[in-house]
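Number of protein chains: 2
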Amino acid sequence: MEERDLLLRQDEDEIELDELDLEERIQEQQERLVEKALLLLENKQYADLREMLGDAEPADIAEFFDELTEKQTLVIYRLLPKELAAEVFIELDPDQQEYLIRVLSESELKETLDELYYDDTADVIEEMPASVVKRILAAASPEQRRVINELLKYPEDSAGSIMTTEFVRLKKDFTVGESLEFIRKVGIDKETIYTCYVTDPQNHLIGIVTAKELLISPLDKKIEDIMTENVIYVKTLDDQEQIAFMFSRYDFLALPVVDNEDRLVGIITVDDAIDVLQEETEEDFAKMAAITPNDTEYMKTPVIRVWASRIPWLLLLMISATFTGLIISSFENSLAAVPILTAFIPMLMDTGGNSGSQASVTVIRGISLGQVEFRDFFKVVWKEIRVSVLCGVTLGTAALFKVMLVDHLLMKNADVDWNVAVVVALTLLATIICAKIIGCSLPLLAKRIGFDPAVMASPFITTIVDAVSLLVYFTVAKQFIPQMR
Amino acid sequence: MEERDLLLRQDEDEIELDELDLEERIQEQQERLVEKALLLLENKQYADLREMLGDAEPADIAEFFDELTEKQTLVIYRLLPKELAAEVFIELDPDQQEYLIRVLSESELKETLDELYYDDTADVIEEMPASVVKRILAAASPEQRRVINELLKYPEDSAGSIMTTEFVRLKKDFTVGESLEFIRKVGIDKETIYTCYVTDPQNHLIGIVTAKELLISPLDKKIEDIMTENVIYVKTLDDQEQIAFMFSRYDFLALPVVDNEDRLVGIITVDDAIDVLQEETEEDFAKMAAITPNDTEYMKTPVIRVWASRIPWLLLLMISATFTGLIISSFENSLAAVPILTAFIPMLMDTGGNSGSQASVTVIRGISLGQVEFRDFFKVVWKEIRVSVLCGVTLGTAALFKVMLVDHLLMKNADVDWNVAVVVALTLLATIICAKIIGCSLPLLAKRIGFDPAVMASPFITTIVDAVSLLVYFTVAKQFIPQMR
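Going line by line, the protein sequences match chains A and B.
Going by our numbering, the first sequence wraps up at 485, each residue one higher than the last.
Going by our numbering, the second sequence wraps up at 1485, each residue one higher than the last.
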């Protein structure tokens, strides 16, 4: 086929592209990139391949690497321009990174390390086995080793662990013109030049200047006259999730990080904040579904690890649920007297669980977003009580009609009478109120005692509410149904 | 008290601040800001107040507005420097915005409109009643009206609805020096100057240049020699959630938006992308808890609206759950013969529901993140089958031992024997396998037929799996327990 056919095919496809949505378009373009790249690789058209990949985004090239054998990975990695190679390297899976570190020559490894930002190198090192870490540190310069070691000391999920140390530092007596000249010299190696940091001789942060301000101010103005002095900063040990929320609250492109002596040690850029937001969101989703969070993609996680992340919670919840069984056992005789009551158990348990989950997820998200605090406890509970009375009355009434109209009249179920209908309706009302109170208060209490509120989501709430709903059910039934006494 | 006392108090507090985590620190600082501002307002020290607020972040000032009466809001709004006032305006609640629009004089409203970006004005207009919209459009210049009307035509959640039209446009034959000069002139009114867009005379996007490239390139270089031609762009009707994911995939600061004729019409900036990510995340959490998404904060949402967002789902799920009741009814006689079986119903239903939710939430998130597609259907199901066999065997064995050791031996429950234990264990195994298959396949099928996969989360899966687990339970019981036949 070759060139001409490929071009023709491409033209045909162009037309279709317009009909796809963005996600499908990106995927289609990605597939074409892979297809063409594999063809060029097969035909050993390395110059063309290099040119084609040179125009592609690092994330797309990394995805292409998933389709390659290890040897092909190495061939392509060596083809890429140095800077792009380093950008692709960061996007690869740890397995692929490990392979490359093992097979690259020491000088190639040095080149990659020179292009990587220190924080990225530290992230890679954290994922590697000891022998690979040794190779990396051996190839690093003394200065690189020093900074990387510093970064590795910060605890996981702290500001220190996600910050970069490559930023532009200005002095307050620079003019705008001198600053622009300075950026021209040092800017190329910095992760961002769009926020510049003004420090005093002791390295304390005294202000920031944005590139926008530099670009629109007269060249002879002093930095101290245009800098913003009231700078929002974070500390090295601050929690990454809270930092990520600051980006969304204040629309920053970067945030400075200071140490305990208020010296500027690094910055966090918005792209890292987005990654943190995503990572924490996925963790919250996992916890809410009773899964131990895990940062590899589902499709790439081995079955045994998927099992390991799910089984402890299932086991714990199963054991908790056996207590609900005890409640049923203890009312066994009453149930035997009025067997129709058993038929309503699933509906009552499910509705209770759903009502509780609604409240708990709402409150958990409110806590996560900083909109709900423990001191709002009584306000939240009072709100949920009012909501639950409304929900309970609506559902109770609906259930009353359903039981009498459908079960009693339509299906002529002789066991179902007004007594049963009233018991079901009242149980619903009481269960929903209890469920919503439990659902909204447990996450707040968890937060208060330093637990993760997200764990108090649907599965736990459901288990607790199940027991409550059965207790309510049998208690109410005893009042209204003569045979149960 | 005044100045000195206030300063002293502040010093005391400084020490404590260090012990707080970031979230608490921000909150504490916010409370101090509010306290001081209220004091200054009370004492009518407007100049000091103006200076203090001038240093604060718009988001913090907007939160401060929540503590004020409407009249105070107006006083403070008038005190703020024009640009800051507009930034604060955007962060306010719609009620507060509406109040200000109604009470500001026409010339004040004009000033605010001049400072707002068009996309922000369009967002405000979408929330306002007709009479307020009229006021805004009357105060707008003909050019402002034209652009705002254009923006309002784009559907909600599309690229067009979140893009801004204020960006820097360069020509390919500009030099770097000319471009910097141009930015110095027009940059102040642009939402970002960090990515500049190169267009041809027909306004087609032909390349981009970052401010970093401009700042580190020789002044006499031509833009066409330094611009990136292979530009990733989106279309006006593309979905905002998919766009937001592109920001996290490619680490962009801004993305260009083109119309159907490939003409550049706007850009989307990373701060808007973060807002979209957050908004969509909250929507997904709500859907997974069977709540209709709602973009006001929980604490500010009236009880009746909370009820309205929850009750349709509770009702729907309650009605679905009554079918599970039918299954129990139809096995009523068997249950009456072996009443102990009822005691295991909650545990079996809960475990089934939890297993199903784990699979469904995992797959739903995978779909959201673009990691799982419909074409992976069989791979996903096969993976979940293997995981579920492992989980089922583990939990089944645990249940077998628990029933025989605890219920039979320890608690000497005569009704519990090997038959019952085996029935429970086998039911668990079968239920978990069914639950995980249902849990992983329904979201994929929903996606396939164009439904939102997030709705196929815990509540729906639980309801379906409840029915399945009971059917399995009674079927297995009939095989092993002689009294049931």
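Do not rely on the hints blindly, as some may be mistaken.
[Unchecked claim] Anything over 12 Å on all C-beta distances counts as not near chain A; from chain B, calculated: (1) Glu1106; (2) Val1132; (3) Ala1286.
[As the list claims (entries may be wrong)] Listed next, with one range per pair, are the computed distances between beta-carbon atoms: (4) B/Glu1042 - A/Asp21: 26 to 36 Å; (5) A/Glu24 - B/Ser1330: 44 to 54 Å; (6) A/Glu24 - B/Gln1479: 43 to 53 Å; (7) B/Asp1066 - A/Thr475: 54 to 64 Å; (8) B/Pro1142 - A/Asp295: 16 to 26 Å; (9) A/Lys153 - B/Glu1028: 25 to 35 Å; (10) A/Ser334 - B/Gln1030: 50 to 60 Å; (11) B/Asp1021 - A/Asn413: 33 to 43 Å; (12) A/Phe378 - B/Glu1067: 14 to 24 Å; (13) A/Ile319 - B/Glu1042: 35 to 45 Å; (14) B/Pro1293 - A/Glu181: 45 to 55 Å.
None of these hints come from the bench; they were simulated from the model.
Backbone N, C-alpha and C fix where the C-beta goes; we use that ideal spot for every residue, glycine too.
Hint by hint, here is what the structure shows:
Against the 12 Å criterion, B/Glu1106 stays outside the reach of chain A, whose nearest CB is about 29 Å from its own CB. In this structure B/Val1132 is separated from chain A by more than 12 Å, as the shortest Cβ-Cβ distance comes to about 25 Å. Non-interface status of B/Ala1286 relative to chain A is broken: a Cβ of that chain comes within 12 Å, the nearest being about 7 Å off. For the hinted restraint 26 to 36 Å between B/Glu1042 and A/Asp21, the CB-CB distance of approximately 55 Å leaves it violated.
Checked against the hint of 44 to 54 Å, the C-beta distance between A/Glu24 and B/Ser1330 comes to roughly 46 Å, which is consistent with it. Range check, A/Glu24 to B/Gln1479: about 48 Å between beta-carbon atoms, so the 43 to 53 Å window is met. Look at B/Asp1066 against A/Thr475: about 44 Å separates their beta carbons, and that is not inside 54 to 64 Å. Restraint check, B/Pro1142 to A/Asp295: a C-beta distance of roughly 53 Å breaks the suggested window 16 to 26 Å.
About 28 Å separates the C-beta atoms of A/Lys153 and B/Glu1028, a value consistent with the hinted range of 25 to 35 Å. Judged by the Cβ atoms, the range 50 to 60 Å given for A/Ser334 and B/Gln1030 holds: they are separated by roughly 56 Å. Range check, B/Asp1021 to A/Asn413: about 58 Å between beta-carbon atoms, so the 33 to 43 Å window is missed. The hinted range of 14 to 24 Å is satisfied by A/Phe378 and B/Glu1067, whose Cβ atoms lie roughly 20 Å apart.
With their beta carbons about 59 Å apart, A/Ile319 and B/Glu1042 fall outside the hinted range of 35 to 45 Å. For B/Pro1293 paired with A/Glu181, a C-beta distance near 51 Å keeps the hint of 45 to 55 Å intact.
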